[in-house]
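A.B. asks: Here is what each chain is made of, one letter per residue.
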Amino acid sequence: MSDPFLSLRNIRKSFGATTVVQDFNLDVGQGEFVSFLGPSGCGKTTVLRMIAGFEEPSAGQILVGGQDVTRLKPNQRNIGMVFQAYALFPNLTVAQNIAFGLRVAGVAKAEQDDRVAEMLSLIKLPQLGDRYPYQLSGGQQQRVALARALAPSPKLLLLDEPLSALDAKVRVALREEIRAIQQRLGITTIFVTHDQEEALSISDRIAVMHQGVAEQVATPFEIYNRPSTRFVANFVGTLNVLEGVVTDERRGVVQVAGSDVALADKITKQKAGDRVSLALRPETVSLGEGGGQQTRLNGKIAEVSFLGSVIRVKVAVGDDLVSLDTFNKPQMPPPRVGDQASISFNAGDVLVI
Amino acid sequence: MKKAWAWLALFAGILYFALPLIGMTEFSLKMRRGEYSFDAYAKVLGDPRFQQTFTYSVGMAIVTILFGVFLIVPTAYWVRLKLPRLRPFIEFVTLLPLIIPAIVIVFGYIRLYNTSSWLPLTGSATGTNLLLMFGYATLAMPYMYRAVDTGLRTIDVTTLTEAAQSLGAGWFTILARIILPNVLVAVLSGAFLTFAIVLGEFTMAALLNRPAFGPFMQLLGANRAYEPAALAVIAFGITWGCMALIQIVSRFAPKAQSQPH
Chain C
1 MSDPFLSLRN IRKSFGATTV VQDFNLDVGQ GEFVSFLGPS GCGKTTVLRM
51 IAGFEEPSAG QILVGGQDVT RLKPNQRNIG MVFQAYALFP NLTVAQNIAF
101 GLRVAGVAKA EQDDRVAEML SLIKLPQLGD RYPYQLSGGQ QQRVALARAL
151 APSPKLLLLD EPLSALDAKV RVALREEIRA IQQRLGITTI FVTHDQEEAL
201 SISDRIAVMH QGVAEQVATP FEIYNRPSTR FVANFVGTLN VLEGVVTDER
251 RGVVQVAGSD VALADKITKQ KAGDRVSLAL RPETVSLGEG GGQQTRLNGK
301 IAEVSFLGSV IRVKVAVGDD LVSLDTFNKP QMPPPRVGDQ ASISFNAGDV
351 LVI
Chain F
1001 MKKAWAWLAL FAGILYFALP LIGMTEFSLK MRRGEYSFDA YAKVLGDPRF
1051 QQTFTYSVGM AIVTILFGVF LIVPTAYWVR LKLPRLRPFI EFVTLLPLII
1101 PAIVIVFGYI RLYNTSSWLP LTGSATGTNL LLMFGYATLA MPYMYRAVDT
1151 GLRTIDVTTL TEAAQSLGAG WFTILARIIL PNVLVAVLSG AFLTFAIVLG
1201 EFTMAALLNR PAFGPFMQLL GANRAYEPAA LAVIAFGITW GCMALIQIVS
1251 RFAPKAQSQP H
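These protein sequences, in sequence, are chains C and F. Mapping to the working numbering: the first sequence position 85 is 85, numbers consecutive. Mapping to the working numbering: the second sequence position 15 is 1015, numbers consecutive.
Incorrect hints may appear among the rest.
What the hints assert, rightly or not - Cross-link-like lysine-lysine pairs, in silico, DSSO-like; alpha carbons within 30 Å at most: (1) F:1043 x F:1030; (2) C:329 x C:314; (3) F:1082 x C:155; (4) F:1082 x C:73; (5) C:314 x C:266; (6) C:155 x C:73.
Rather than coming from a laboratory, the hints here were simulated on the basis of the structure.
Can you build the whole structure from these sequences, using the hints too?
C.D. replies: And the structure:
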């Protein structure tokens, strides 16, 4: 990235003796949609609040559009924010809520009205300008909150778990709407979530956070398929981990549960005799021989869960459990717990972590 | 059986509170021999001292309310927003006027601000009025603070403040356009309570020698028979009127359910 729009440089935040964010570095390009993904308490919201100006970094620098905003007050940053709890002003109508930032900025009344109408049509609620927040559903309130944040044309849009309080259907619809609006306006956006599906589906890039550190910053495809750390691999998607011992690092051979597993590449970080963890996504593993998959391991059926269209099977391979999904075929009975079984997968799908 | 006891307790309670009031009201209507009349009320309302003291106390009540709002709303807001750990201490401070008698407070004022002190407020009528207003504000503080604090509890002060800040608002705009309108009903409840306290207060006004309604009620009570009862009924009427206004205003409270259900 040649010229980042938002730069977080060596950001650290401590509350007393507790450091909640450390050495956080991130460059975000103009118009990019970046998600902070991580479990509760990983520091993602703290970073967002530092960008917004609600928390002051203990160290480091925040640059927006080349300007150092680290010590600027929140009301001087021109950064729009949408909160998990909507935070609409209860005493103001929808239109007044949307116009609030414009009114504070001293924009002329006629211009305010035009902008409010434009924003209402953007969020597809043109008829609700006179309603009060309590007269709207959760999804509608959050759309109004989005319009309110966008109305003063902020440099940056921050979304702090905006979908967490909504039910599943509304969440999916609204996240697509947020992405569409973001792309239409081309506004640089930071989205905080603990929901991996949300982050994977709408982000240009994801920063996976753990204990105050960005473990990996990459595209959703890379995060899912090429996790750089064990935490990322475990946190994003379901992962099967097989413990093994390296037998030939140059040829990339690992012994797992008494069988050799040949990897696609040589092993660089461990040498022969070292313990190593191999990770497999459930969708890369087949029960039985599979269609042309190269590697096979024997085990025993440990658990079978019928989920309707699919059957989730857990196979015990040595001391490890490998979870995989097979399609439900009514003419074929599901496997039974205790049966001998084999699993197969391609060497290229194995992640060494 | 349980229900019967409940009704009996309720009836006894009503009798306990209502009988003296009924008796007093009946007595206030007996000024004319042999028939009920409003003579005592006419006499009280026609007394120029009534009009003078009542106007004075109403004026003082309005000033006290304004002072209380400007002092309590930002304080309670700031404590909730930035100093939540200080809340128990602030609550204790606001309760002190209930423990310290008004006479102690007013003697303290006189001692501190008399004509030979560094700030001789009692040396002029305006200064003494100011002192009396501070005294009233102190007496009303437990009620005003609690009313405002309860109002603030119904809204998400922190998030609303941050939302307003992210939209470019400064502290004054946030307080005036977001916080105050959302706790207005609570503020009005506190205001009506303050109004009732100021109208009935005797000790401070008497010791600071101000022409307030409280001392006038006491003076009338000491020298007349029927008029004090009429005045007491009027005072009750004002207090109840204030309480009714609190109820009415509460119905127009802005709904604060703009939070996730």
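A.B. asks: The structure should be examined with respect to each hint, and the outcome stated for every one.
C.D. replies: Each hint tested on the structure:
no.: 1; hint: F:1043 x F:1030; in the structure: 13 Å, holds
no.: 2; hint: C:329 x C:314; in the structure: 18 Å, holds
no.: 3; hint: F:1082 x C:155; in the structure: 28 Å, holds
no.: 4; hint: F:1082 x C:73; in the structure: 15 Å, holds
no.: 5; hint: C:314 x C:266; in the structure: 29 Å, holds
no.: 6; hint: C:155 x C:73; in the structure: 15 Å, holds
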